[in-house]
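Asks: Quick note, the sequences are listed as chains A and B, same order. So the first sequence is residues 349 to 884, counted in the numbering used here. So the second sequence is residues 11 to 675, counted in the numbering used here.
Among these hints, one or two may not hold up.
[Stated by the list, open to error] Quick list of the computed label-pair ranges, beta carbon to beta carbon: (1) B/Glu77 / A/Phe400: 37 to 43 Å; (2) B/Leu616 / A/Thr542: 50 to 56 Å; (3) A/Arg798 / B/Trp176: 16 to 22 Å; (4) A/Thr542 / B/Ala218: 25 to 31 Å.
Since the hints were made in silico from the structure, they are not lab data. Think of the CB as a built atom: it goes at the ideal place given N, C-alpha and C, for glycine as much as any other residue.
One-letter residues, chain by chain:
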Amino acid sequence: MEALYGSHWILTLLLAIPLVGAVACVAGGEGRARWTALLTTLLVLALSLPLFWTFRIGTAEFQNAVSLPWIERWGIRYAIGMDGISLLMILLTTVIMPISIAGSFSYIKTKERAFYASMLVLMTGMLGVFVALDLFLFYVFWEIMLIPMYLIIGIWGGKRRIYSAVKFFLFTAAGSLLMLVAIVVLVYLHQQQTGVSSFVYADLIQTSIAPGLQLLLFAAFGLAFAIKVPLFPFHTWLPDAHVEAPTAGSVILAGILLKMGVYGFLRFAMPLFPVAATSLPVIGTIVLLGLVGIIYAAWVAAVQPDAKKLIAYTSVAHLGFVMVGLFALNSQGVSGAILQMVNHGISTGALFLLVGMIYERRHTRLIADFGGLAKVMPFFAFALTVVALSSIGLPGTNGFVGEFLILVGAFQRYPLVAVLATTGVVFAAAYMLPMVQRIILNPLTQEENRELDDLNARERWILWPLLALILLIGVFPQPFLDRMSASVDGLIENVQTRRLPSQASRGPDLGANELRLAPTGERAIPEPDPDGGVGP
Amino acid sequence: MNEAFQPILPGLILGLPLLGAVLNGIGAFAWRDSKTIPSLVGPLTVLAAFAIGVANLLAMRAVMPHEPALVPLWTWMRSGELDISVMLMFDQLSLLMTLVVTGVGGIIHVYSVGYMRDDPGYSRYFAYLNLFIFFMLILVLSANYPLMFVGWEGVGLCSYLLIGFWYENREYSDAGKKAFIVNRIGDFGFLVAMFLLFSTFGTLDMPAIFREAPERLLADGALVTAITLFLFLGCVGKSAQIPLYVWLPDAMAGPTPVSALIHAATMVTAGVYLVARSGVLFALAPVSQAVVASVGAATALLAATIALQQFDIKKVLAYSTISQLGYMFVAVGIGAYTAGIFHLMTHAFFKALLFLGAGAVIHAVHDAWAATGAHGDPNDMRNHGGLRRLMPVTGTTMWIGTLAIAGVIPFAGFFSKDEIIWQAGVRGYAVLWALALVVALLTAGYMTRLMVMTFHGENRSGEGAGSHLHEVGAVMWMPLAILAALSVVGGWVQIPDALPLPHVDLLHSWLEPVFEPALLVAAGVAGQHGEASHTAPLGGGEALWAALSTTLAVIVILLVYRGLAARRYRPAAEAAEPTGFRAVLYHKWYVDELYDRLVVRPLLALWRGCWRIVDDRIIDGTVNGLAGVARLAGWTGSQLQSGRVATYLLVFMIGALIILGSLAF
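Take these sequences, add in the hints, and give me the full structure.
Replies: Given below as structure tokens:
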């Protein structure tokens, strides 16, 4: 155990198992693919859960890290590792994946092998993004995850799936191509300065870049990530993608894929280009766009007739909160942003699952086609209520903790923005409660709804973990905050100290974000950091 | 006298109602048809919490601590400087509120056993009701603002669930939604106040804030004014004051015991509690205090005028509640915190009584109609009449409640309301004082009208209904009797020296340790105003005005009684619409219509515009335009290929992986 959880092998396994599972899906029979996929993701989940406890709290170092040569000519390495932020994103992914696989059993009826294989490849891509510490590796994973998602929407989606899939692909690909150019420029600069070619994050972060160029590079990275978040006005691909995607696609898209954008900002764009990231125009733009997203998306959500589209717009609003918190660049703001990423994954994922469940029964997503479902589907009504309340941030649920931290943090940085963002809690009630009412409350007028079955055992088991997490994080968020706090402080310190002009050029103190690796990449868990560490 | 007070079983006070909520919640799915388990679990968990509360009261009396006893449970969220614990605070005020909540709450739970006995959602009902008690206790017992906010929004959630309890009725569901959304406008204020408090104090713990406030905050400064006004915005929502009161009358859609518990006795008074609890902050902000008192007085007047012309018995009581809450805000606004809490307590007794009495009437009419097959609105007083003989216990107890709310000596409301009026007078708020007196007379008026229409004159419930109308069962009239007793003696905890009665000073001395800091601050801030006078704005001492106001109330009651008892009302179905000024009052000054035209519809139009124009036309239009250009450019290239994109992508991905893999070696 200790050898596994003390080394990079656990992360490497998490990356490899889904790929093996994908091959098994394709190789096995059509009817067996779903079980292969479910077992694979459950195995990954089981393997990943101990990380929550083996993770060493209080240090911002990358744990379970390794850096092995891959394409030595260009200094590309298999460098992976995880800090507190990656940890939570990894666990979010491993929790959401089996749930979305199990949630697809009755939805996906065609080309099952290909579907489940795509899902598993997607999983590797997502986990890879969260652990990659080499920009080339990161880019590979980034692209790997794009393609299965494109297929999932384009093949198993609804009527306008091709339009939505292409829109999704073009939006994201446009951004990521710019990012690739920026990565190449960054590597080139690093080579100019050191004479060594390297794609490794720990090397590139030391590159000194003139403020003007930083701004350009930040913009290139930032655009790719902003589309992914999505930040207003780059959000219009999202409602279309969600509406057409099968349930599992929506769950993953909202639950995990949207987090890639934010993660990209905090892992790469901000630490690599601290001067740009902390310059007033950049912060101002991003925070204002986030704020617009919070309010504007809530408004648009409130008048949507299509349940999935409504939820899609709420994602834009939620991620707006996340961006506002992230760029507050203080403990509460950044911690709240990261926690809210997890929260959003749980509650929005659950919302899409729930809408998917009634879609499978009625083959409509229009809110007006429902009403009074609480009478025939009491468990569904219960679950939808809890999840909706979490989504609008009712205290006692996870949503409140995230939003509250974000707003407290933001208020200290830019009070007016925070106050305006707080109006989002009013608008959230104004979009969510009418939807809940029109689906589960009101008279049951439509004949077709009279005979609907309540959720079956499989569907309930899919939802229970999410419902439990909603309350758990709402009441006991501290274990989650503890795990990220050192990394959050490290990020803030890193960005704040290195933005100062005197230190903009390769400052000696890289803050806590410096990558330290034991020579073999192996390290026993309980042992205190042999290097003395940078954490407290 | 200064030994530490140790709270007895603090966790259990909260834990029992929560346990009840969970058990009943499971019951709503698992044993849907059992009435026994919810009937026991529901009331008993609350009454047990009340018993523990009483034990705490006795223990606290023995010690009479000057500092609150803190019970830290666990760290809720800690990040940077922010450190919020789940921590309970026991002092004289929170304990008093606990007793009101669990005591009146327990009585209403018992009453509900009878009221809801035939409802298919019986277990679900008790789950919500227990959950409400749990959140209400969090609200009053929390030691920091964020935890209080948990209770604050939690009771709002239960209110939402219970207003829309009969969810198949669209109007009821709408009412629940309206309550939640309007309350969230207030909650926005509460949140912003917390952000301001945190950036000022670096903590959100109440004891620390109240301790440091006089040093950190400039008296009458912009900051403390902003903090308190944002806090008050929260109160305006939760306690239904102008301009956010519009949700409370609609909230009467819920089962009547819910109206009694949540929308009269407890939840809606949370705003008064918040202002009293934050007395130190408000004392530092005279402007905010003036706003609180003025909004309270204006609301008291407005709601009382509307109550004069309502026909729905619960609507009359709802507007009455809004009006009485206005009184409480006048009290806490002028710094008479104990008077505000006093009225909060007596109001909990007599208004719960009045609502439960109304519930008994509605229940009886409903049952009678079910027997005769008649249809109509059992809430409409035009369909009542003459019930005094058929429902003697309900009639008598409701008259006691009426005398109490009208401020007739020696009923509970007299003492608490008189103290508010008197305090406004001696502190020199002549306008508030006069308004409070006028509203007291209006109160006597609309309550007598309610009693006459319901219990006196001819019965208008329709052919044959009379023989089916009868008094409610013991499980429902016993609670009425207990609350009636409290509505008499509840005011005797504080009898002013000036009256020719035995002087009693239980409440002031009990709450003194809690409000002392606020009063000290207030004395410092208002130093230049000098001593309060001992006469009313028009001259005369406390005894004179008390005698005058009670006499006037009695006269109003007699006049209204004589005027209306002879009048022949028609049943609702045959009645003509009110006309003239009566129509204005009947339509509640058209405020709902105004909000609809000025706020709701323009917002919805704006939101649709955002979607259809900004998203669909502007943003997507731009994107599709760019795509068109790209398509044109790509047209030539595309001649070379003809396959499907999906295939290309797969090939591309596999190829890329192979190349990358081979490069590694």
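Asks: All the hints need checking, so say for each whether the structure fits it.
Replies: Against the structure, the hints:
About 40 Å separates the C-beta atoms of B/Glu77 and A/Phe400, a value consistent with the hinted range of 37 to 43 Å. Checked against the hint of 50 to 56 Å, the C-beta distance between B/Leu616 and A/Thr542 comes to roughly 55 Å, which is consistent with it. Evaluation of the 16 to 22 Å hint for A/Arg798 and B/Trp176 yields a pass: the beta carbon distance comes to about 19 Å. Checking the proposed 25 to 31 Å range against A/Thr542 and B/Ala218 shows it is violated: the Cβ atoms sit about 52 Å from each other.
Hint compliance for this structure: hint 4 is the single one not met.
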